[in-house]
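Participant: Here's the letter readout for the chains.
4 protein chains.
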Amino acid sequence: MKITFIQTGGTIDKDLPKAVKGYAFEIGNPAVERILGKIKANFEYEIIPLLQKDSLDLNDEDRKKIQEECENNFNDKIVITHGTDTMTQTAKWLSEIKNKTIVFTGASKPEKFWDSDSMFNVGSAVLACQTLPPGIYIVMNGRVHAWDKVKKHQITGQFVEI
Amino acid sequence: MKITFIQTGGTIDKDLPKAVKGYAFEIGNPAVERILGKIKANFEYEIIPLLQKDSLDLNDEDRKKIQEECENNFNDKIVITHGTDTMTQTAKWLSEIKNKTIVFTGASKPEKFWDSDSMFNVGSAVLACQTLPPGIYIVMNGRVHAWDKVKKHQITGQFVEI
Amino acid sequence: MKITFIQTGGTIDKDLPKAVKGYAFEIGNPAVERILGKIKANFEYEIIPLLQKDSLDLNDEDRKKIQEECENNFNDKIVITHGTDTMTQTAKWLSEIKNKTIVFTGASKPEKFWDSDSMFNVGSAVLACQTLPPGIYIVMNGRVHAWDKVKKHQITGQFVEI
Amino acid sequence: MKITFIQTGGTIDKDLPKAVKGYAFEIGNPAVERILGKIKANFEYEIIPLLQKDSLDLNDEDRKKIQEECENNFNDKIVITHGTDTMTQTAKWLSEIKNKTIVFTGASKPEKFWDSDSMFNVGSAVLACQTLPPGIYIVMNGRVHAWDKVKKHQITGQFVEI
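Residue numbers (the numbering used here), protein chains in the order written: chain A, 12 to 173; chain B, 12 to 173; chain C, 12 to 173; chain D, 12 to 173.
Worth flagging that the hints you see were computed from the coordinates, not collected in a lab.
One should not assume that every hint holds.
Cβ pair distances, simulated, as ranges [unchecked claim]:
1. K109/C <-> I173/D: 54 to 64 Å
2. F54/D <-> E107/C: 50 to 60 Å
3. Q100/D <-> K109/C: 18 to 28 Å
4. D71/A <-> I166/C: 31 to 41 Å
5. Q63/A <-> K103/D: 34 to 44 Å
6. K13/D <-> E72/B: 50 to 60 Å
7. A35/D <-> E37/C: 23 to 33 Å
Simulated crosslink set (PhoX-like; lysine-lysine; CA at most 25 Å straight-line) [unchecked claim]:
8. K163/C <-> K51/D
9. K64/B <-> K29/D
10. K109/C <-> K32/C
11. K75/B <-> K32/D
12. K29/B <-> K51/D
13. K163/D <-> K51/A
14. K109/C <-> K51/C
15. K49/D <-> K32/B
16. K32/B <-> K49/A
17. K163/A <-> K29/C
18. K32/C <-> K160/A
19. K103/C <-> K76/C
20. K51/A <-> K103/A
Far from chain D, some chain B residues (derived; all Cβ distances over 10 Å) [said to hold, decoys possible]:
21. D126
22. T142
23. I166
The beta-carbon is built from N, C-alpha and C at its ideal position, and this holds for glycine as well.
Could you build the full structure based on these sequences and the hints that come with them?
Facilitator: Here is the structure:
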């Protein structure tokens with residue numbers, strides 16, 4: 012089994028890398044690298060650092076790039092790490108891809124934080140990739156959802172069925 | 012959706028709680044409590060602190076207790092945290108339970124460790140519970156296995172298909 | 012022994028608290044609270060959440076506020092958590108306070124990060140408070156410096172003697 | 012400035028390194044290595060992995076070894092990481108060393124734990140080394156004590172003045 016991880020940015024990858032005048036968060040290396048470094052993964056994988064943006068900053072060009080990567084990649088199991096604020100918008104761009112299991116996940120706290128939910132979410136996404144039929148899914152907070160059946164709740168930040 | 016978590020002990024729960032003469036590891040409170048405390052779980056759950064043992068110490072009486080809990084519990088989605096050394100032995104005791112999705116998981120490093128794999132594994136197990144048909148499974152290192160198709164590799168510690 | 016901790020902000024306190032549209036870092040609760048919560052402190056303390064700013068944003072009014080708090084506080088052992096970029100500028104405002112041991116410290120990574128240096132630095136500052144004569148000091152990276160004998164190196168981010 | 016760190020074992024270094032049948036805690040690599048790896052130390056240091064024992068297991072031969080290392084080492088700033096249960100007993104063996112600042116420290120939770128106090132204590136010890144006159148000290152829970160003025164409280168685990 013092989014999984015392709017695509018980095019787009021979002022909270023999961025937020026870091027503060029500068030030694031001097033490190034004013035604001037920046038998107039660092041893919042959190043997935045560090046997470047898989049801890050788990051002795053029993054599967055093959057590749058990590059594609061495609062985009063490094065907060066999901067509120069993603070534009071159509073970015074989403075087209077994600078779509079093309081998903082379409083052209085030879086693998087049929089894909090996990091996309093992505094900011095939660097616009098996850099469903101990006102998912103819509105992939106809705107015509109019919110032969111792959113594509114799972115969006117992310118985090119409400121950066122992987123760099125010791126109280127992050129990122130390892131849990133990536134663990135869920137890796138499992139969803141293997142057990143779900145082709146389709147576009149969102150995996151967060153211990154749940155899996157079809158991409159077009161949820162929205163992010165504007166107070167709790169959780170995904171709720173619509 | 013509701014998930015029942017059953018604590019049996021194992022590395023995932025190892026802790027060093029004593030302030031004085033805290034010589035050796037002990038099994039502490041269920042790691043699952045702390046893990047779910049970080050993820051804003053989007054599902055109902057209960058945690059049953061059934062046993063607190065290294066899995067090398069589990070005996071037939073313990074396994075019978077686990078079996079009875081699984082049989083009698085009203086819920087059909089169960090995650091059992093368990094030491095990896097004898098996970099498949101305990102799973103065998105549950106093999107006659109036909110109407111529930113029961114997932115064993117654990118960790119190679121205690122949840123208390125900052126480089127633990129426990130959040131990843133529990134995240135995987137929670138997802139497996141929702142997406143797999145009834146049966147007894149082992150979820151570790153990013154993979155799901157039918158309980159009777161794997162054994163723990165005696166050098167790497169990973170589960171390998173047999 | 013009693014120590015007064017004054018929060019001014021800086022990297023040590025950076026957090027990402029919002030569940031929705033949590034775009035940028037914000038200064039959260041004092042990191043010192045969480046740090047002291049882990050160590051079973053064997054001394055009395057108070058924590059004063061005076062300012063919540065990146066140190067590049069501190070202005071004269073803010074520095075006056077810090078100065079007044081230090082002067083008026085009844086305690087003679089004070090630890091100020093502060094961004095490193097302008098630590099020496101703020102220290103200068105306190106240079107007329109002659110009867111207190113005042114120690115600036117901070118972090119190059121937020122306390123929220125699992126690879127943060129914040130606990131080490133606060134541990135150093137707490138010790139410096141007890142063992143040094145009255146004066147204004149900067150404690151970072153395992154060293155203590157008189158405030159007017161160092162500057163922050165613009166590449167490494169460490170404090171170097173001048 | 013140069014600091015010599017001597018590892019003797021104790022809770023600070025407890026780890027669970029085995030992939031298979033990792034039943035009990037073992038003393039791993041010096042925690043000080045990992046701690047200094049996070050802080051961009053602004054001083055020179057060496058780490059001497061002298062002993063790897065719970066302090067309840069240290070015997071006279073071990074203590075003689077620690078004494079000889081302290082006497083023969085060319086450096087006059089020494090931090091000894093050590094289990095807290097018998098710290099004062101070992102300190103007594105060093106009480107004739109008059110020209111060095113020797114600081115004992117340790118942890119109530121292993122450095123491997125995310126809620127460990129080890130970074131705080133080592134940060135305190137590093138500072139104590141620089142600011143205190145020659146002597147044998149114990150630094151724990153944010154306090155520094157002359158070695159012969161304290162004992163470990165048998166309920167709280169803290170050091171109390173006697």
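Participant: Give a verdict on every hint.
Facilitator: Against the structure, the hints:
1. K109/C <-> I173/D: 54 to 64 Å: Once the Cβ atoms are compared, 35 Å apart, the range 54 to 64 Å for I173/D and K109/C is violated.
2. F54/D <-> E107/C: 50 to 60 Å: The hint (50 to 60 Å, Cβ to Cβ) is violated, given that F54/D and E107/C are roughly 30 Å apart.
3. Q100/D <-> K109/C: 18 to 28 Å: violated (42 Å)
4. D71/A <-> I166/C: 31 to 41 Å: For D71/A and I166/C the Cβ distance comes to about 39 Å; the hint holds.
5. Q63/A <-> K103/D: 34 to 44 Å: violated (57 Å)
6. K13/D <-> E72/B: 50 to 60 Å: With a Cβ separation near 58 Å, K13/D and E72/B satisfy 50 to 60 Å, so the hint holds.
7. A35/D <-> E37/C: 23 to 33 Å: Cβ of A35/D to Cβ of E37/C: about 43 Å, so the range 23 to 33 Å is violated.
8. K163/C <-> K51/D: Answer holds: K163/C to K51/D is near 13 Å, not above 25 Å.
9. K64/B <-> K29/D: With a Cα-Cα distance of about 17 Å, the restraint between K64/B and K29/D holds, given a limit of 25 Å.
10. K109/C <-> K32/C: violated (46 Å)
11. K75/B <-> K32/D: holds (23 Å)
12. K29/B <-> K51/D: violated (32 Å)
13. K163/D <-> K51/A: Roughly 40 Å separates the two Cα atoms, so the pair is violated.
14. K109/C <-> K51/C: violated (31 Å)
15. K49/D <-> K32/B: violated (29 Å)
16. K32/B <-> K49/A: violated (31 Å)
17. K163/A <-> K29/C: holds (13 Å)
18. K32/C <-> K160/A: This hinted pair holds, its Cα atoms lying about 21 Å apart.
19. K103/C <-> K76/C: With a Cα-Cα distance of about 13 Å, the restraint between K103/C and K76/C holds, given a limit of 25 Å.
20. K51/A <-> K103/A: violated (33 Å)
21. D126: violated (7 Å)
22. T142: About 28 Å separates T142/B from the closest Cβ of chain D, which puts it past 10 Å; holds.
23. I166: Incorrect as stated: the minimum Cβ-Cβ distance to chain D is 7 Å, not above 10 Å.
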